[in-house]
Amino acid sequence: MARKKRKAPGVNASSSADIAFMLLIFFLITTSMDTDKGLPRRLPPPVPKDQKQNDAVDIKKRNLLIVLINMNNQVLCGDEYIDIKQLKEKAKEFIDNPNNDEHKPEKVEVDVPYFGKQMVTKNHIISLQNDRGTTYSAYIQVQNELAAAYGELRDAISEKKFGKKFADLDEEKQAAVQMIYPQKISEAEPKNYGNVKKQ
Amino acid sequence: MPELNTSSLPDLVFAFLFFIMMVTTMREVTLKVVFHAPQATELQKLEKKSLVTFIYVGQPTPDLIKKMGPATRIQLNDAFAETNEIQDYIAQEKSSMKEEDQPFMTVSLKADKDTKMGIITDIKQALREAYALKISYSAAMKVQ
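For the protein sequence lines, the chains are A and B, in the order given.
When the first sequence is numbered by this note's numbering, its final residue is 1089 and no position is left out of the sequence of numbers.
When the second sequence is numbered by this note's numbering, its final residue is 480 and no position is left out of the sequence of numbers.
Pulled out of the complex, with its shape left as it was, chain B reads as follows:
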């Protein structure tokens, strides 16, 4: 019985490996704001990624800054938004979840470290109105 030729197996696996490496660097959402997370030490991991909704806050990216100006913007999914749109967005995200999961919905606030608190406060107020009370201030681990 002729043996199966496995000499091309490494190539196949490498191709797969490269594919995974390319894919993982891609984001689910293309960021339209520049954002450097603030640093902190008392961090907790966010569990259950499917229950997490992200709100990005920061200055627009350099090529968008020409069009939009340097003002801090909020990004929901793929588009810029105003604070009054947050409530609808949260309601929409909430309704797309299973009913038993809805109370555990978490909003992760990914804001740039130089953002002014005014806009963050507006977002927080909007989240309160939308009854999305579990939030997480996204931060990076501080290197000691």
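Here chain A stands alone, though its shape is the one from the complex:
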């Protein structure tokens, strides 16, 4: 038996610096990527105080879809109660008006770049109304469904024309698609504020 004293080999630690660096870089990148996400909307400018009550532009009844959320978070679309899951289809039907239904928004001929002349439901308005007792999550869900309706319509026409999703198009093409399906969600003033009506 050889009684040679053997030294235990040390763990090679030369790569631990690299490992630590990689972790460091990972954390640095992920923290800067943590941006806030949300549903972007644009509020209408404030109504001048001296404005008359009926100054609002008359909207034809067929161009208007009223979505009302009551204090129990039930959704009233047009004049019937619907489930939140049905809202997207309802909204899509309303915005697109595929069958030229005379109770759905009228179509106006618009000259759109890339597409040429298109029949667009240019004057449609989805009016979103809520009660003061509505919960925020119900409101966001409805907002989300409406945004999804626009999103799906835009995606569909983008696929058909350019073979890409709306989000992957360049800015000019996106603008063209937006001309065909302009997002018109009006967040009506709450009933409690009373007499000022805007759209």
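The set of hints was computed from the structure by calculation and includes no laboratory data.
Given the structure is predicted, the values throughout are model-derived calculations rather than measurements.
Cβ coordinates follow ideal geometry from the N, Cα and C atoms, glycine included.
Careful, some of the hints might be misleading.
[To be verified] Covered stretches of chain A, going by a simulated chain B footprint (3 or more residues, C-beta under 8 Å):
no., segment
1, 913 to 919
2, 927 to 934
3, 1013 to 1024
4, 1036 to 1044
[As the list claims (entries may be wrong)] Below, computed lysine-lysine pairings styled on DSSO-like, alpha-carbon distance capped at 27 Å:
no., chain 1, residue 1, chain 2, residue 2
5, B, Lys384, A, Lys1055
6, A, Lys927, B, Lys430
7, B, Lys446, B, Lys478
8, B, Lys478, A, Lys1074
9, A, Lys1012, A, Lys1050
10, A, Lys978, B, Lys446
Using the hints, position chain B against chain A.
Then chain B, alone, in the frame of chain A:
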């Protein structure tokens, strides 16, 4: 020429790593309201963080609830506020921005999902008055 001893380099880097990890969990603003974002799918990222102003809405945190009661409160920066203070706050935030950036100012509304719409509507009205028309309803991505 003697070689530079790099055996302590991993320790240095680890120390730095730990520092970053600690710092990133800290918020810029200490939240005084409890807030769970509602869930949605059609989200868009907020660009240019320097142009974003945050408004937090929710119930006070458990230790503050004893003092303030369970009513939903609005938090601007580090303090609770009433709806009539929002306009001043927005004006102040706006004036601290560069002039060419001011039209792109975005207000991110971080509200708890159980908040009643009444208070949200009040905030929206205040924002309209303050001409802060670009808003974003902050929400979390819905897990399918």
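Structure-based check of all given hints:
1. 913 to 919: Holds: 4 residues of the segment 913 to 919 of chain A have a Cβ under 8 Å from chain B.
2. 927 to 934: holds (count 8)
3. 1013 to 1024: It holds: at least three residues are needed, and the segment 1013 to 1024 of chain A offers 5 whose Cβ sits within less than 8 Å of chain B.
4. 1036 to 1044: holds (count 3)
5. B:Lys384 / A:Lys1055: 24 Å, holds
6. A:Lys927 / B:Lys430: 21 Å, holds
7. B:Lys446 / B:Lys478: The given pair, whose Cα atoms are some 16 Å apart, holds under the 27 Å limit.
8. B:Lys478 / A:Lys1074: 24 Å, holds
9. A:Lys1012 / A:Lys1050: 21 Å, holds
10. A:Lys978 / B:Lys446: 25 Å, holds
In terms of the numbered hints stated before, the structure departs from none.
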